Amino acid sequence: MIVTDGPGYRIVVDEDQLDLIRFEKALDEARRRATVDGEVAALESALALYRGRVLPDSRSPALTSAAAALEDRYLGARERLLELRLEQGRAHDAVSELMPLVAEHPLRESLSALLMVALYRVGRQADALRVYHDLRNLLAEQLGIDPSSAVNYRYQQILRSEPALDTPPAARPDRPAGPPAAAPPPRSLPHDLPDFTGREAELDQLLAHVPPPPGPPPEVHGAGPGPDARGDGGQDGPRTGRQAVRIITVDGMAGSGKTALAVHAAHRVADRYPDGQIFLDLHGFSPHCEPVEPHDALGTLLRALGVPADALPEDPADRASLWRGMTADRRLLLLFDNVIASEQVRPLIPAGPGCLVLVTSRPRLAGLDGAVPLPLPLPSTAEGLALLGQVIGHRRVAAEQEAAAELVALCGRLPLALRITASRLTNRPHWSLAYLAGRLRDERRRLDELTVEHRSVRTSLHLSYATVPPRHQELFRLLGAHPGADFDGYGAAALAGLTPHAAETLLEGLLDARLLVQHTPGRYTFHSLVRALAREAAEQQPQPTRDARHRLLGYYLDAADRAAGLLRPRGERPRPQAPGPGAHRPDAHRPDAAHPAGAAPDAAPAAAPPLRDAADALAWFDAERTGLLAALAHAEDAGYDHHAARLPLALAPYLHARGHMEDELGVLRKAVAAARRVGDPALEAAALTGMASPYGHLGRVREGLECAREALALAERAGDRSRTAFCLGRIGMLHNVLGQYEHAIAALHRALVLLSRADAHDEECAVLASLGEAQAALGRHAEALQTSRLVVLHSRQNGDAYGELTGLLGEATAYAGAGRLDAALDRLAEASALARRTTTPDGQAPVLVQYADVYRRQGRHREALRAGHAALQLLRRIRRPALAAAVHNVIGTVHRDRGEYERGEGHHEKARRLAQQAGLRRELALALDGIAHARAHGDDPHGAKEHEPRRDPAARTRPLTAVAPAPPPCPSRVP
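Numbering-wise, my numbering puts 61 at position 61 of the sequence shown, and it's gapless, one number per residue.
A few of these clues could be false.
[Stated by the list, open to error] Here are the simulated distance ranges between beta carbons:
1) E24 to A140: 33 to 41 angstroms
2) R455 to R324: 35 to 43 angstroms
3) H209 to T520: 40 to 48 angstroms
4) Q917 to T381: 49 to 57 angstroms
[As the list claims (entries may be wrong)] Straight-line alpha carbon distances no greater than 20 angstroms define the calculated DMTMM-like cross-link-like pairs of lysine to aspartate or glutamate that follow:
5) K670 to E710
6) K25 to D72
7) K670 to D637
8) K670 to D616
9) K25 to E343
10) K25 to E109
11) K910 to E900
12) K670 to D680
13) K25 to E44
14) K670 to D561
15) K910 to D929
16) K25 to E71
17) K910 to D897
18) K670 to D558
19) K670 to D613
Note that these hints are calculated values from the structure, not bench results.
Since this is a predicted model, take the numbers as computed values, not measurements.
Note that the Cβ used here is the ideal one computed from N, Cα and C, for glycine as well.
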């Protein structure tokens with residue numbers, strides 16, 4: 001009868017109508033029979049119901065597993081029947097049945113052992129030995145292992161023709177069956193992968209914790225009676241450790257090869273555990289199975305040791321006690337696979353100190369006391385390539401090495417993904433590796449590609465996601481909306497609208513579940529394939545994802561602005577109003593455009609990380625740089641133009657401080673474009689003003705002047721006195737770089753007039769510093785010294801370390817120009833100590849340049865060269881053409897003073913190229929003069945005339961020998 005049951009149908013039958021139930025009853029009846037004939041009859045009745053393999057074409061993993069279990073029961077019954085026939089003396093009958101069975105199941109060692117005995121009893125000893133050798137060769141070829149101890153024992157008996165193997169003389173049909181012969185030790189390890197490769201370090205580490213096989217006691221004083229007495233196979237260690245079962249846990253993310261490694265290791269040491277090796281899948285992360293309860297797992301284990309199903313205690317405590325008792329004196333190897341938590345496996349730990357327990361799990365089983373943890377990292381790229389080559393052929397990999405390396409990278413070096421990729425290439429021999437790599441490059445379809453038959457990377461990873469609590473799942477989905485590569489608790493809190501503490505608690509839970517990776521304490525990231533899964537999940541909830549990204553943009557803008565305040569004095573930074581409701585480009589052709597920025601739920605600003613000083617700010621920017629740049633790109637793409645205009649203004653001080661001038665220009669260009677889209681001239685002027693400085697440092701001074709003048713026009717049109725002063729200050733600095741000192745002084749005086757009426761002490765210091773530089777370059781050293789002292793005084797009053805550094809360098813320049821070289825060195829010593837504390841790479845470079853010039857003037861050539869080359873070493877990391885040209889001119893002059901004219905000319909030539917490219921008139925004049933002097937005193941006096949510089953009063957207003965290399969505009973400060 002068929003009845004409806006839930007969403008499907010169920011067939012109702014009587015017990016006698018289902019052959020499976022009749023089969024189980026017949027087996028139970030066989031176990032109860034008291035005579036051999038009775039047991040044989042019951043077994044024959046049970047086996048007569050068999051009509052072939054069950055569900056041979058099923059594609060359901062659950063049905064396939066059940067069918068395999070039933071097939072194993074059937075084979076077990078046939079083995080028992082053949083054992084009884086040997087007891088009855090019917091060896092010929094047993095041989096005729098065993099021959100086809102062994103051919104059908106060549107790796108089932110128990111069948112081969114029975115055939116060996118049957119052949120021996122019918123007088124075919126040579127054939128019996130041949131069966132053994134065939135089995136041994138097959139196992140070695142396919143699995144790389146030797147026959148079990150039980151088979152080896154039968155082989156030795158046959159070799160020795162032991163009487164115990166002869167046909168029992170009292171074999172009679174009515175002889176009581178008695179207790180059956182002891183069951184062979186359980187051997188249920190899965191086959192070892194023939195293409196297992198790599199993992200040498202992890203395998204060595206695992207095997208190092210496995211006790212050696214029992215042997216003679218080591219001849220060490222006080223070593224005790226032997227390894228069995230010690231309980232650990234003779235290993236040294238604390239006494240408590242020697243008496244305990246050895247437990248090793250292998251944990252790692254989904255698909256990382258935990259089971260393959262554990263099975264491989266188990267086969268390597270199986271012979272040390274003669275009482276059996278048992279594999280048990282606890283289905284902690286299985287798509288169609290619930291995790292196995294400890295009570296059920298104990299039942300499986302006890303049945304494997306020979307306990308009849310009807311003799312298993314129902315009480316969990318009694319069942320666990322029976323398990324401990326039966327394992328107390330045995331040497332067993334137990335491999336518990338796919339464990340979900342410590343509680344699942346803890347009751348299964350045997351009592352015997354001679355046992356080894358291997359456990360595989362995704363989470364770290366921190367609650368499993370006494371276990372040796374072995375976290376399994378991803379294989380190296382070389383190991384990934386080796387695995388790929390092992391499956392598809394090393395020649396194929398060697399033929400496309402770049403594509404093979406890209407495949408390994410696209411698979412995230414995940415063994416499961418690599419095996420699926422290799423399977424697809426094997427199934428598609430005409431596919432090139434490059435073709436498949438092209439299919440995998442699109443992150444949105446990558447998980448779709450990593451599927452073959454019932455194996456899927458998406459399914460495997462999703463099982464980890466499905467096991468975490470709902471709050472963790474919600475955060476996981478929102479993290480998929482993060483545009484950056486990694487994040488901390490504050491960024492995650494902003495995404496999810498949580499407190500940092502709550503967010504970090506959830507992040508740690510996701511980390512334990514292997515859904516996140518941590519390379520640096522406090523920061524989290526995704527494995528590339530897990531990120532693809534998270535982004536899929538984020539795309540499936542559009543509105544929460546948009547809200548989360550908007551919260552993150554607000555957090556980044558606020559936190560970056562706070563951090564920039566520690567790098568650049570407050571008075572120098574534009575602080576336009578924060579974007580409010582509607583701060584969104586209305587015509588943005590993006591999915592996010594349907595959600596105005598102000599439409600996100602109102603919430604208090606996200607908590608920002610506690611930053612105390614510039615070092616903290618730089619460290620925060622270093623960690624968040626990729627995330628900030630990715631957030632800026634998202635703001636542009638999604639139409640959040642106020643964010644796209646303001647975020648670069650907060651990023652620029654960091655990029656400048658780290659010497660990333662090209663990146664600084666890039667983000668400020670985006671700010672200008674966004675400000676123009678929203679029609680905000682104040683934001684546009686701020687961005688244009690900011691662009692002037694990196695242009696100057698990159699030697700593109702005229703472009704910087706254009707930006708500063710454009711910003712000046714906007715500021716004057718708006719009547720913004722402070723912004724006008726900022727622009728004039730930048731114009732003056734850039735005129736200094738060009739050697740146009742009178743123009744610089746005019747612009748700087750105008751700026752100072754405007755700043756005297758504004759509360760902008762920091763900008764006033766920057767303008768004064770540039771003024772002092774111009775005065776020194778014109779030989780007005782007393783004025784330059786007084787101006788630079790004002791810079792130092794104001795900067796110290798306002799806690800501006802960068803401004804103080806600028807002033808100290810200005811004083812050193814003035815002292816050196818006036819010939820007071822010892823005083824200049826005193827100021828440089830102060831500046832050097834301060835530059836080391838500012839933690840910026842360009843702060844020390846101008847100090848070293850001036851050190852080199854002062855040492856040159858003192859005739860301390862060796863020290864001058866040391867300082868100059870140290871400055872060049874720093875300038876290789878940051879682009880500062882003006883500084884680089886200055887230091888090459890100084891080094892060139894030192895070499896000329898030492899009579900090394902060829903070397904000197906080489907450095908002046910480098911200075912000439914830099915100065916010409918950047919339009920640095922003063923340094924160009926110095927370089928040409930140096931080249932002319934070098935050639936005049938060297939081997940090319942005629943070439944010297946070609947390089948004599950024109951007398952340009954704007955470029956050189958005093959003898960070259962009295963000119964010190966000018967410091968860069970605002971060294972170590974961010975204009």
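Practice task
Hint by hint, work out which the structure violates, then give me just those numbers in ascending order.
Solution key: The structure conflicts with hints 3, 4, 8, 9, 10 and 19, although it agrees with all the remaining ones.
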